[in-house]
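Mind docking chain B on chain A? Use the hints.
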Amino acid sequence: MLPASAVLCLVTCSVAVFAASPPAGVIADCVLCHGTDGRGNEAVAAPRIAGMEPWYLERQLVAFRRGWRGTHAADDQGREMRPMAVMLDAEHVGSVAAWFAAREAPPPQPTLTGNVDRGRQHYSLCAQCHGVRGEGKQSLGAPALAGQNDWYLARQLHLYRSQYRGQVREDSYGMQMLAMVGTLVDDQAVLDVVAFINTFTEPCSLAVAASPADGPGS
Amino acid sequence: MSGYSRRKVLELLGAAGGSAASYQVAMALGLLASPGPMVKASVQHLRDTKRRVVILGAGVAGLVAAYELDRAGYECIVLEASHRPGGRVLTLRGGDIVDEVGHRQVCRFDRDPALYFNAGAARIPADHVALLQYCRELQVPLEVFVNDNRNALVHDDCLFGGKPVRAREFMTDARGFVSELLAKAVLGERLSQPFDALDAERLLGFVRTYGDLDSNHFYRGSSRAGLRNGGFITPGELKEPFDFSELLNSNFWRYQMHWAESNDQAATMMQPVGGMDAIVNGFMGRMGHLVTLEAIVRRIHLEQRGVSVTYAFHGEERRIEADYCINSIPTHLTAGLDHNFPRDYVDALRVVERGKLFKIGLQARERFWEAEHIYGGISWTSQDITQIWYPPVGFHSPKGILLGAYTFGDAGGQRFADMSPSERISVAIEQGERLHPGYRNYIENGVSVPWHRMNHMLGCSARWRPEDRQVHYPRLQQPVGAHYMVGDQISYHSGWQEGAVRSAHFALADIDRRVQADLALGAWS
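In order, the protein sequences belong to chains A and B. So for the first sequence, numbering that gives the first Met the number 0 puts the first residue at 0; every next one is plus one. So for the second sequence, numbering that gives the first Met the number 0 puts the first residue at 0; every next one is plus one.
So here's chain B without its partners, still in its complex pose:
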């Protein structure tokens, strides 16, 4: 190494210590922009003219579209295939139906409002401002969601023979080792311009505090990892640091260690009080009368003017003509409908891949994890269940709902989907046992949600390959005739409610522009 530029140091820190390190330095060096302003839909009121919009799907995108258009004087009809609104905002409570194709389940949780499971959307970052604006407007009370808990566990078959450690132990030691290396590198090199002696001293100071090094720039353990003993009325004793090469064996540092650093996962995260579906209920309270449930779309045809939609409703076929159609049906299911879309549009619908994300909720008779000093947050494991979430609220109450699995990968999701619902729970308990011995004694019942097998959805979340983002994504983002695809699938935030809200706003802005242009020309009014 012959010298460091500011940028180079940021890169090094980013690679070694995760984005938190580079973020803090960048803040210190004044390189970051501030977040943008609040985002709202703006649809001008129709006044004395009329327009009809048919909205397919009562998930977040459809609800937002109907809510905004209804307020602006549009006639809205929302068709929802399922027995419930919300789409992938699904909060399960005792007695609820899980409409998985091939395995319809009933949630067996106790009938207690505190015992619920957010099986779909489950957390809201502070910069998802369009969604938060609706929470404010619809008076949906929010509370903190604990996404990151340093007392939660890291379990990896490649780490200490599968013996779990606390996240704080792993992270503190990993940072300590990396900082010690960095300090050696900085001490051994003369810093090039634009660093002066003062900068170098600050950088060393930064590295020292980042890794909690001693005054000689050695890492000899840190109370950040938790104390072995004492610390209250007797002196605190540090834990012996782990062997760094053992930490490197684990996959935890590949992404889970930096989980809570990422744009959408960093504190403060939030959740609606009592379940994510409070947002759905908030919308439904304002525009629920516009929604027809169990209306299954069969045909979407672009007409000379507007769009016609045919749907099955309790065995009867019905047809609607509308000036515009806002469609949040998953792209992979829209592709199978009777439609007359042009070929390039159909090609775009077909290329979007569907995720196989999978979740399990478990009812525990006792909050045993709180006895292990775990209050909220996520434990990570290399097993198929991938993670265990502890309830972020209701501390010390008698029972609790754990998230017993949240599988991101296709292979793991498929393995779970292939099992019967009761087998899935058994496997989740068996795997949880590796993190919490005695786990099985606490679990009373559970419910599983394989999103790629859920009726009327068959996928979560939409996956765009980079090359398809270039051609097919812009095609679907733009309307075909008077038909607009929306939903988190038509955003760069697939799997997030904010993506759904923004996609709806995008379509609404275009409809508003077209309608206002019509009115200005005196046409069609």
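Excised from the complex, chain A in its bound form:
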């Protein structure tokens, strides 16, 4: 018996069904940084890719491969990602994207704080493409923001604001985002809007173990 979410996935994610599974070694390379099942790992600045839309993941892999992302001198994290995307066989790009799209992982913990009310005001513009609850709109090429690591969203907004991302003409979606991000005038505006995006997913605390096996001596 498959869990409900897996059934849903079989119905909705045709790519996941028909694309060949990526080799185990390729997945091992991805989860090294992105964490088990692609849950995201702040300690190495690798965002959550579990459950991400396959079309968006694929587009970003292509962006890294073509050098639209991960080439700027100020983008250390992007430059760590780029060789991984480059060495990926073209035939695996689709299956890797599909594999992570089909993964489930607990929602990320909020790590940033900002003014949610001001963030809501900033977000009204974002909502036009990314959806009122950050659910994303494939027709506009805009990925979901809800459930993404807040530190990653803030980092990407910073890269756009500094024109380290979205500055390549061929990267039309990036250029579009670059134009929109001008409304976030400073670092505080970024924090505020990310704090508002955090409200789309209920914070979920990790299961806290009560040090069960502590011996009688302690």
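Simulated from the structure, these hints should not be mistaken for laboratory data. Small disclaimer: the values here were computed from a predicted structure and weren't measured. Heads up, the beta-carbon is just placed ideally off N, CA and C, and yes, glycines get one too. Just so you know, nobody snuck in bad clues.
Here are some chain B residues pointing at chain A (derived, C-beta under 8 angstroms):
| no. | residue |
| --- | --- |
| 1 | Val-100 |
| 2 | Gly-335 |
| 3 | Gln-413 |
| 4 | His-455 |
| 5 | Leu-457 |
Quick look at chain B alone, frame taken from chain A:
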């Protein structure tokens, strides 16, 4: 200045002449404690009871833990993600794979046991006694590692327009100038209590010999800098001292000049004969059957009793239940696993920063440096390669492996990591050329290891900010349930095998205490 106390003099000497000066004076004044006794793990044998321990990572910490627990009757399972044991003890030889993510390389050195490169741990100080005890026990033969060589070079773009000088020239002149200043200060002042006339005379004598001043307390050059001419069958001629302000322009005095004075870098340093991995092989010879390679941990869960670990092995998922888990996976990678650690523990895992240390090994067709009177040791440069190491053994043999770069700083490490492996070698050769004209003609091939891009590690060494040492370090040093973080990352000796050994001993002592307490209560046996 109105007078000198003993302490004040030590401070002055320390600031001016490096710690060697103050160390010698402190020894003379009897202010130093002696080093402590040998350190060994003590785990009591389980006898007829059973405990299972799963150990994550077959680096030095994991190997020590498994070796000790196995001897004490514990059932041990060691899971290692890589194709090889050793972690950051990595000795490269011709044909070896360098498992860098995004740039897998093969080492092209000649297949000759003498031509190896210690790309990770590469030297052992004499007071790393716990590690040395294992070398003794595992019969790993050691030899001298030359860490400091006064004939090696100092290259700095801010010094003599980038023209290299010998370390001995820089150091002798710098000491001479500083000693001359100190002598003037001492001669011009009446020393306060507790110095008496005899002390003052000794202090002047000390300063004179420290800087090799003449009888009038002037520095006029010294044979310590090497002679310009003669000295064997004709009289020796001293070199003209450098201009001190020029020496001050250089950054060499900031730390490299005092490199070999530091606690972990002072002579006598050692290395295992034939490569640092002799230590890994020594352990593996005793407990290698406990190690599963290419076992990639995905999940660590604290259970009501013990810990469960799930790992991928050749595409298959496997699960282990154990009474205890000893984890040497880097903190920054442990943070990304499927786990159920409490929040404060996760916070601690996340704050540890990873270093971007970077090394290059170069195969030279000829030991040209020996013709420049350089036998072992380190030349320093202000360029990204930072240092060149010359092999400390195998003198006058035909070929040699140089360390062509050992970059400490993040920016330099990142710059190298961004390049392709062949570009890195080209840059290292180009920069080496500034120290040794003609360098490029001698280099046959090379291999590069950016530690923050190495598979299953992604960092070297763990960096703790002082404020995190206060809160997060003690949290990770203590177990959570039956899970123990270990490795050099959980020590005050990050980047040293001794830190890894001591962290393993720390965890073993706690496990031993808990198990013995269980047994004493008759529980769970």
